[in-house]
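Make a model of the complete structure from these sequences and hints.
According to the working numbering, the stretch in the sequence shown is residues 69 to 485, in order.
Hint data in this document are derived by calculation from the structure and do not stem from the laboratory.
Keep in mind that this is a model prediction, so the values were computed, not measured.
The beta carbon of each residue, even a glycine, is placed where N, CA and C say it ideally should be.
Be aware that a few hints might be false.
Here are the computed lysine to aspartate or glutamate pairs in the EDC-like style, where the Cα-Cα straight-line distance is at most 20 Å [what the hints assert, rightly or not]:
| hint | residue 1 | residue 2 |
| --- | --- | --- |
| 1 | 273 | 242 |
| 2 | 262 | 242 |
| 3 | 193 | 239 |
| 4 | 105 | 91 |
| 5 | 457 | 287 |
| 6 | 207 | 181 |
| 7 | 138 | 287 |
| 8 | 77 | 318 |
| 9 | 262 | 239 |
| 10 | 435 | 299 |
| 11 | 271 | 242 |
| 12 | 194 | 220 |
Each pair of labels, with its calculated beta carbon distance range [stated by the list, open to error]:
| hint | residue 1 | residue 2 | range |
| --- | --- | --- | --- |
| 13 | 113 | 258 | 37 to 45 Å |
| 14 | 399 | 294 | 24 to 32 Å |
| 15 | 375 | 465 | 27 to 35 Å |
| 16 | 297 | 458 | 28 to 36 Å |
| 17 | 388 | 208 | 52 to 60 Å |
| 18 | 204 | 87 | 51 to 59 Å |
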Amino acid sequence: MYLCIVNTKEIHISEYNYDLPDERIAKFPMAERDHSKLLVYNHGQVSEDIFYNLPAYLPQGALMVMNNTKVIQARLHFRKANANGEPLGALIEIFLLEPAQPADYEQMFQQTDRCSWLCLVGNQKKWKEGTLSRTIDVKGTAVEFRATRRGEHGTSQWIDFQWSGGVSFAEILDVMGELPIPPYLNRETQESDKTTYQTVYSKIKGSVAAPTAGLHFTERVLQAVDARGIEREEVTLHVGAGTFRPVKSDTIGEHDMHTEYIAVRRHTLERLLAHHCEAIAVGTTSVRTLESLYYMGLKVMAHPDLAEDQLHVNQWEPYDVGCKKEDVGSVEAIQALYDWMVRHELSVLHSSTQIIIAPGYTYKIVKRLITNFHQPQSTLLLLVSAFVKGDWRQIYDYALSHDFRFLSYGDSSLLMP
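Listed below in structure tokens is the structure:
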């Protein structure tokens with residue numbers, strides 16, 4: 069075991085706690101997205117502004133990277149049939165986590181008769197056996213939608229879905245699904261959440277939680293970003309329910325980071341190379357995607373014949389590499405990954421990452437970070453601490469004492485260490 073891995077693994081999560089009163093958690097967004105407050109952390113100095121002024125703080129000609137994932141209506145509700153076969157029994161909730169068959173998100177939403185997902189099941193003890201069924205109307209077509217539990221798959225359940233009518237699974241979710249909002253909001257999903265809990269640039273369906281740093285952007289702000297000569301690129305990381313999973317272990321080394329699936333265009337690597345592999349990341353999901361690319365580059369440098377699924381970045385891999393003092397620059401690593409994509413005739417890289425970013429991590433690509441204010445004792449707070457070299461308390465103390473709103477629907481910050 070290398071010393072620097074040990075040091076990071078021995079971080080006590082209790083050191084990343086702070087008092088977050090419930091009234092500071094934003095239950096609803098601002099009426100106008102870009103009117104949220106903006107905390108600006110600039111080389112140790114803290115100030116505040118309004119989010120629509122964000123572009124003025126960014127360097128002209130920089131590269132901004134955003135996550136274009138779209139939140140799906142992942143909560144499905146069924147009622148168990150009673151003795152007469154009527155759906156009047158116990159309420160069962162099936163929460164879609166990630167596709168199982170087919171495993172590809174795009175293919176999944178195009179299925180027209182059957183598919184399988186890994187899911188969480190609410191009120192599971194009431195669904196010991198049998199098939200759940202519900203009839204819904206999809207664009208004038210009566211569709212019988214059925215769910216069968218195949219069995220446990222790790223910490224989740226493998227659920228097989230079948231339906232009639234020849235409609236797509238995407239259409240099923242649009243009619244039957246409910247948008248999942250963060251559990252700490254302690255309220256039911258409202259119709260307005262279908263709009264406000266999506267970024268204005270969301271495109272690719274697959275997340276069960278929004279990349280919330282992007283929720284503040286409006287077309288007006290994006291146009292101001294463009295007018296400043298800042299180039300925008302999009303990546304896709306589908307945010308899983310694991311993003312809300314608290315760190316329950318005393319030390320970080322005992323916490324298992326969740327896996328997330330990413331898609332990055334070859335063109336994005338071209339633009340990264342054109343910007344010397346330096347980027348402004350919108351949100352922690354963009355951070356994890358960009359930083360993972362560096363380690364994927366190292367993999368293909370060492371093993372040029374790896375397949376896409378073999379590029380997965382394991383949780384502690386970056387610290388292992390760092391301890392070995394692999395002196396490979398970001399440009400060299402990204403160039404290697406770009407060349408690998410060319411050789412394999414890939415226009416889009418599909419892979420996954422389990423990367424955990426905590427103090428002890430050295431950032432390779434992200435130079436500025438736009439992010440919200442995160443839960444106490446969370447892996448996201450660890451990521452922020454690593455980015456600002458441990459100075460997270462000054463930022464959070466300022467936000468708490470200056471009426472900033474916290475978490476998903478809360479205010480924003482621009483971090484420039």
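Now the hints, each set against the structure:
no. : hint                     : result
1   : 273 with 242             : holds (11 Å)
2   : 262 with 242             : holds (11 Å)
3   : 193 with 239             : violated (29 Å)
4   : 105 with 91              : holds (17 Å)
5   : 457 with 287             : violated (33 Å)
6   : 207 with 181             : holds (16 Å)
7   : 138 with 287             : holds (17 Å)
8   : 77 with 318              : holds (10 Å)
9   : 262 with 239             : holds (15 Å)
10  : 435 with 299             : holds (15 Å)
11  : 271 with 242             : holds (15 Å)
12  : 194 with 220             : holds (16 Å)
13  : 113 with 258: 37 to 45 Å : holds (39 Å)
14  : 399 with 294: 24 to 32 Å : holds (25 Å)
15  : 375 with 465: 27 to 35 Å : violated (47 Å)
16  : 297 with 458: 28 to 36 Å : holds (33 Å)
17  : 388 with 208: 52 to 60 Å : holds (56 Å)
18  : 204 with 87: 51 to 59 Å  : violated (45 Å)
Of the numbered hints stated above, those contradicted by the structure are hints 3, 5, 15, 18, listed in ascending order.
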